[in-house]
Amino acid sequence: MSAWPALHWPSIRGRARADAGPLLLVACVVAVVALLAGATPPLIRTTSDEATRDAIRRAADDAAVRVESDWPDDYGPTGGRLRSPRLADDVAGIGSLAKSDLDASLRSALRPPVTTVSSISMAVTDGSVQRRLQLEYLRDDSGGPAVTWISGRAPGPATTDQSVEIPLNGKPWPMHIGLSEADAKALGAKPGDRLPVQDERRTPYDVRVSGIFRPVDPGDPAWRLAPWLLQPAANRDGLGSTRFGGWLSDQSLPDARLAFRPDQLRRTVRFDADPDRLTWKSAQALAEAVAALKGGSAVSAERDDSLKWATQLDSVLRDLRAQIATASAQAAVLLIAVLAGALLVVSLAADLLTRRRTAALTTARQRGASLPGLATELAIESVAVTVPAAALGLALSFALAGGAALTWVLPFVVIALAAGPAFGTLAAARATRDRRAPANRSARRWARRTGQLRRAALDAAVVALAAGALIALRQRGIGSSADGDVGLPAAAPALVALAVALLLVRLMPSATRATLAMALRSRRPLVLFAAARAAATSRVLPAFALITAIALASYAFTLNATTEQGLADGAWQSAGADARLTMGSEAAGATVPVTAKVAAAPGVRNVVAARVVENERFIADSTAIVARLVVVDTASFRRLLAGTPLPGLPDPAGLTTARDGTIPALVRTSDNTLRPGTSFRIPLQTNSAIPLVAVGAAPPVGTGDDVVVVDVAAAKAGGLAFEPDTIWATGPGAAAAIQASGADGRLTTRAGLLDERRTAPLTAGLTRLYLVAAAILLALALLGFALAAAASAPERWETLARLRTLGLRPRDSHRVAAGELLPVLVVAGVCGPALGALLAWLTLGPLALRMLTGQVADPAMVVPWWVLELGTVGALAAVLAAVVATEASVRRRRRLGDVLRAGGG
Amino acid sequence: MNGALLAVREVNRTFGSGTAAVHALRDVSFDVEPGTMVALVGRSGSGKTTLLNVIGGLDRPDSGTVVVDGLEVTGLDEDGLSRLRRDKVSYVFQTFGLIPVLSAAENVGVPLRLARAEPGDRERRVALLLDLVGLSDHAQQRPGELSGGQQQRVAIARALAASPRLLIADEPTGQLDAETGLAVMGLLRGVVESEGVTAVVATHDPVMMALADRVIQISDGRVPAC
Ligand SMILES: Nc1ncnc2c1ncn2[C@@H]1O[C@H](COP(=O)(O)OP(=O)(O)O)[C@@H](O)[C@H]1O
Ligand SMILES: [Mg+2]
Chain A
1 MSAWPALHWP SIRGRARADA GPLLLVACVV AVVALLAGAT PPLIRTTSDE
51 ATRDAIRRAA DDAAVRVESD WPDDYGPTGG RLRSPRLADD VAGIGSLAKS
101 DLDASLRSAL RPPVTTVSSI SMAVTDGSVQ RRLQLEYLRD DSGGPAVTWI
151 SGRAPGPATT DQSVEIPLNG KPWPMHIGLS EADAKALGAK PGDRLPVQDE
201 RRTPYDVRVS GIFRPVDPGD PAWRLAPWLL QPAANRDGLG STRFGGWLSD
251 QSLPDARLAF RPDQLRRTVR FDADPDRLTW KSAQALAEAV AALKGGSAVS
301 AERDDSLKWA TQLDSVLRDL RAQIATASAQ AAVLLIAVLA GALLVVSLAA
351 DLLTRRRTAA LTTARQRGAS LPGLATELAI ESVAVTVPAA ALGLALSFAL
401 AGGAALTWVL PFVVIALAAG PAFGTLAAAR ATRDRRAPAN RSARRWARRT
451 GQLRRAALDA AVVALAAGAL IALRQRGIGS SADGDVGLPA AAPALVALAV
501 ALLLVRLMPS ATRATLAMAL RSRRPLVLFA AARAAATSRV LPAFALITAI
551 ALASYAFTLN ATTEQGLADG AWQSAGADAR LTMGSEAAGA TVPVTAKVAA
601 APGVRNVVAA RVVENERFIA DSTAIVARLV VVDTASFRRL LAGTPLPGLP
651 DPAGLTTARD GTIPALVRTS DNTLRPGTSF RIPLQTNSAI PLVAVGAAPP
701 VGTGDDVVVV DVAAAKAGGL AFEPDTIWAT GPGAAAAIQA SGADGRLTTR
751 AGLLDERRTA PLTAGLTRLY LVAAAILLAL ALLGFALAAA ASAPERWETL
801 ARLRTLGLRP RDSHRVAAGE LLPVLVVAGV CGPALGALLA WLTLGPLALR
851 MLTGQVADPA MVVPWWVLEL GTVGALAAVL AAVVATEASV RRRRRLGDVL
901 RAGGG
Chain B
1 MNGALLAVRE VNRTFGSGTA AVHALRDVSF DVEPGTMVAL VGRSGSGKTT
51 LLNVIGGLDR PDSGTVVVDG LEVTGLDEDG LSRLRRDKVS YVFQTFGLIP
101 VLSAAENVGV PLRLARAEPG DRERRVALLL DLVGLSDHAQ QRPGELSGGQ
151 QQRVAIARAL AASPRLLIAD EPTGQLDAET GLAVMGLLRG VVESEGVTAV
201 VATHDPVMMA LADRVIQISD GRVPAC
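Note that the protein sequences, when read in sequence, are chains A and B.
For the first sequence, the working numbering begins at 1 and goes up steadily by one.
For the second sequence, the working numbering begins at 1 and goes up steadily by one.
Hint data in this document are derived by calculation from the structure and do not stem from the laboratory.
Just to be clear, a hint being listed does not mean it is correct.
What follows is a set of in silico ranges between Cβ atoms, one per label pair, in the way DEER data are often shown [stated by the list, open to error]: (1) A:Asp898 - B:Arg26: 12 to 22 Å; (2) B:Thr19 - A:Ala360: 39 to 49 Å; (3) B:Glu123 - A:Ser510: 18 to 28 Å; (4) B:Asp77 - A:Val387: 46 to 56 Å; (5) A:Arg444 - B:Thr19: 48 to 58 Å; (6) A:Leu410 - B:Thr19: 49 to 59 Å; (7) B:Leu128 - A:Arg444: 47 to 57 Å; (8) A:Ser510 - B:Thr19: 50 to 60 Å; (9) B:Glu123 - A:Pro810: 48 to 58 Å.
A virtual CB, placed ideally from N, CA and C, is assigned to each residue, including glycine.
Kindly produce the complete structure, drawing on both the sequences and the hints.
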C-alpha cells in the first residue's frame, strides 16, 4: 500500500474541464505578474546602467578627470632658466604617472589620457579685428594627433644648443609653431612669418610659424581639447574676437616653456570617462576611487610638482546614486502594489472555484475521499495551471528584459499555488464537519463573540502592520540602498491600501443594511430587490480586492501625474524662464546689447538681464553664508516672473533704493539664517564690506535653495557694481531669439530641459512603470469584479427566477442584476481613487520624486480626479454591463421551470 | 366545462431527442373548476413538476394549449407571462424561495410591490395575510429565523398577496415533517375556501389527497381521461 492518498484522476480532469474559464484566468494573471515581477529587476539594472552612461555623457566635462601638475623649477647653474630638450617626454611622463595612480578597474573605465600644455591667450596686435592666439601641445598614448605638413615644416627647436641656459629677463625667447590651414588662412600667415602677439600687460612674445599642417584625422578626440587648433573659434567671448591655436611640437615645447612664466603655461592630464564601459556597479567603484584620489591630492597639495586631481565625476555619480536608489525603491513600491492586487484577485478566483465546487467536493467526501486526497488532487490541478503560467511569464521576461528575477515571482507563485487547494480543502472539510450551531443560547452568543474577536484581531494586526510600515517609510524614507533590497517601507502603500480597504469593507454590511432600509421605503420594487440582493451577497473578499486594486491603480496614476507636473515645474524652475542664456565669462560685456536684441525679436514676451553669482559669500552675525547672488532690475524681473508659473517676486517698500549705503535685498536660505530684517554683508578683499539688509523673502531662483536678490540700481548705489551675465527670456520665440542673437554662452531652454529630463532613462523607465502598474492594477480590479460577479451569479439568477415567478419582467430582472452589483462598484469607484490619493499624500515625501523631476522641493501632488473617476467608474460600469449581458444571454435559452428545478440559475 | 378556470388540452412535452428523449407529458388534458383544490398525484418522475410548469407558463409545451381564466397561457410572450404571473397565477415551491434579507412581512409584500399597490393598502393586506397564515407575531422575523413550516406559510401568504386566480404548489410539504406538512396542507385547504382561489397541488401525501376536492393521477406523463 502506498502512503500516498488515493487520487481520482477522472475527477481531477472533470473539474478542470468544467472550470476551464476561471483556471485560464488564473493562469493569465500568474503569467502577467510573473512577467512584470520577473522583468522589473533586470530592467531596473539595465536602466541604471543606461542612466549611468547617460549621466556621464551629459556631464561631459564634469565627468572628466583632470590632473594638474605644476612645473618643477628650471633654474640653471648660473641662475638663468635651463632649456630642457626632453620636456615633451616629461610631460608625457605626467600622464603615465597619473595613470599609474589609477587602479586597474578605474583605468578600464577611463579613456586613455590626453596630456595638454596650454599657454595663456595672447592678443594678435595687427589688424582691426580682435584676434587671440593660444599655444597648445597635445600628447596622447600614440604621441599626439597625427598631422601632415602641407607647407613649411614641423616646428623645430629654436636653438641648436638644446640645453642652453637663458637669462631671466632677456629678449622674448623665440618659439616655433604650426598652424592649421584654416587658422593660417584666417591669420594670413605663411611659414617663416612671425606673429605679432602680446599678453594683457602688453609683453610681446616671439612666435614663429614654421609650417602649415593638415590633421590626418580631424575626428581624433585629442583635437576636441583645443578645437581652435583646427578652426579659428569665432566669438568665444561674445565680444567678436576670434581664437586661433598654435600647435607646439615635441621640439618646440621646450622653447615655449622658456618663453612663458610657469603660471602662463598649464599642463593638464585629462581622462574622459568612457560611458560605454561603465555599468552602474562599476560606476560606484569608480566614484569611490576618484574620491580617494581627490582626497589624497588635497593632503599632498604642498608638494608643488605632485599631481592634483580634480573632477566632478564623484559628485555626478553621487547624484546618480541617489536617483537610482529613489527609482528602484519606487519600482519596488509599484511592484509590491501589483503583487498585492494580483494576490487578492488570485484568491478571489480560488474562492470562486471553491464555491462552484463545494457541492462536488462534499459529495466526494461523502463517498469516502480523504481530505489529504482531495487536497492533493486540487494541488495537482493548481500546479498544472500555475507552474506553466509562471514559466511562460518568466520566459517572456527573459525574451523582453534579458533576464528574470525570482525574488518577487517565487513568493507570489507559492501563494498562488496554495490558494486554490487551501480554499477547496477548507470548504470540503467544513462541509462534512458537523457544524450545527450550538443549541444553547449563551453558547451561540459565545461562538459569535469569539468569531468577532478573531476578526477584530486580524483587522488590528493588518492595521498595525500598515501603520508600522507607514511610520517606517516616513521616518526612514523609501530605502537607502540602490541595490534593490527593500524592506517594510516599500510595502507601506500596499499595506495601507489593504488596511483601509479592510476597514471600509467592514463598514459595508452596515452600509448595505442602511441602503436596504432606505430601499424598503422606496416605491420602486426594482430598487428594493437590488438592495436586497446586494445585502445578501455583500461579501468581504470581492469588495476588499476591488477597492485595494483600484486604490493602488489610482495611486500609481497619481504618482505619474505628479511626476509629469513636477517635471514641467522643475524645467521652469531650472531654466527660470522659457530660455536662459549664461554668457561666457569673456562675453559678459555683450549682455546688454544681446538683451536688447532679444527683446526686439518676435515671440518674446519678457526679457531681463541679471548678474548671477554662484556661491557668493555673505556674513551675518559672524556666520558665513554661501548663496546665489542675483543682481537684477527687480521691476522687470517681477514682470517676467508674473508671466510664468514660477513664484512671483515680492515688492517690499524700499527694495530699489540703497539707504545710507546699505543695499536692500530679498533673501532665502534653507536654514533660515537670513530672514527679512536681518542685516548682513558681503566681505571685500580689503578689510571692508558692503552692508545689506533683508527687506523681504526671495523666491527660489534656479535650483538650490539659498538666494539673495538685490535690485541693480540699489546695488550700484551701494557700491556693488556688476556687469550682467545672464539673460532670462519668456515667450514662444524666446529660445529662437537668443539663438539668433549669435551671442556666445550657454543657452538653456525650458522645453529642451523638460525633454531631456523626461527622456532620461530612469525617469522614462519609471513613468512607463507607473502607467504599466496602473493599467495592470486596473485590469486586475476589473477581473476581480467579473470574478466576484461570476461567483455570485448562480444565487443571483435563482433569486431573479423566483422574482420572475412573482411577475418580474425579464428586462427588469437584468436591471435588478445590475443593481445588485452596483453598490460594490460605487464604493470601489468612489473610495478607490480617494484612497489612492490618500496614499499618494501620505507617501509623496518619502518617495522623493524631486530626484527625478529636477525640482528643489518635492512636486506638489496632482490628483487627476477626472481621469481616475472616469477611468475607474467607466471601466467598472462597462464590465458591469458586460457581465450582466453575458449572464443574461447565458441564461436566455433556459426556461424558468428548468432554472427553478435545477436551482443555481 | 365552459366555466373551467383551468383548461389543459393535449399537452405534450418532451425533453431531449432521439433515443434519449424523455416524454414527460403525453397528451395531457383536463379541466379544473374555479374554487376547487386539485391534488396532482404521481410517483417521482411522473411529470408533475413539468405539468405545473407548463400550466404556470414557466415552461412551454411542445404542443397543446393551456388556458387560465380565459387567457391562453401557451400563446403569451414573455411580458404577457410576467403579467399572468403578477395578476393571475402564483406559486408555492417545495423550497419556499423567500428572500433571506427581508422580513416575513416584507416577503409577503413583494408581489404587491410588483403590482404597485399603495403602501397603505399593501401594509393592510400583508397584515391580513400574516394573520390568515397565523404568523402575525413573526412579521418582522427573517426567513432564517423561522422554522420550515413557518417559512412555507410565509410563502403561501406571499402567493396569495396579489389575489391570484390560480395557486400552483409543487410538493409544498416535501421539505417538512409530517405534522408541519399537515398543518400547511390544512392552511392551503383553508385559503382556497376563504380567498376563493383555485389550487393545483402536486403531492404524494395521502393526507393531501384526502383534503383535495379532486385527485388527478399522473403516471409516465399520462393523465387518464376523465
Ligand atoms: N430539463 C429536463 N431535461 C431532461 N429531462 C427532464 C427535464 N425536466 C424533467 N425531465 C424529465 O421529465 C420527467 C418528468 O419529470 P418531473 O416533471 O420533474 O417529475 P416529477 O415532478 O413528477 O417528479 C422525468 O423523467 C425527468 O427526468
Ligand atoms: Mg417534481
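Consistency of the hints with the structure:
no.: 1; hint: A:Asp898 - B:Arg26: 12 to 22 Å; in the structure: 20 Å, holds
no.: 2; hint: B:Thr19 - A:Ala360: 39 to 49 Å; in the structure: 28 Å, violated
no.: 3; hint: B:Glu123 - A:Ser510: 18 to 28 Å; in the structure: 26 Å, holds
no.: 4; hint: B:Asp77 - A:Val387: 46 to 56 Å; in the structure: 52 Å, holds
no.: 5; hint: A:Arg444 - B:Thr19: 48 to 58 Å; in the structure: 54 Å, holds
no.: 6; hint: A:Leu410 - B:Thr19: 49 to 59 Å; in the structure: 54 Å, holds
no.: 7; hint: B:Leu128 - A:Arg444: 47 to 57 Å; in the structure: 34 Å, violated
no.: 8; hint: A:Ser510 - B:Thr19: 50 to 60 Å; in the structure: 57 Å, holds
no.: 9; hint: B:Glu123 - A:Pro810: 48 to 58 Å; in the structure: 29 Å, violated
Violation of the numbered hints given earlier is confined to hints 2, 7, 9; the remaining hints are satisfied by the structure.
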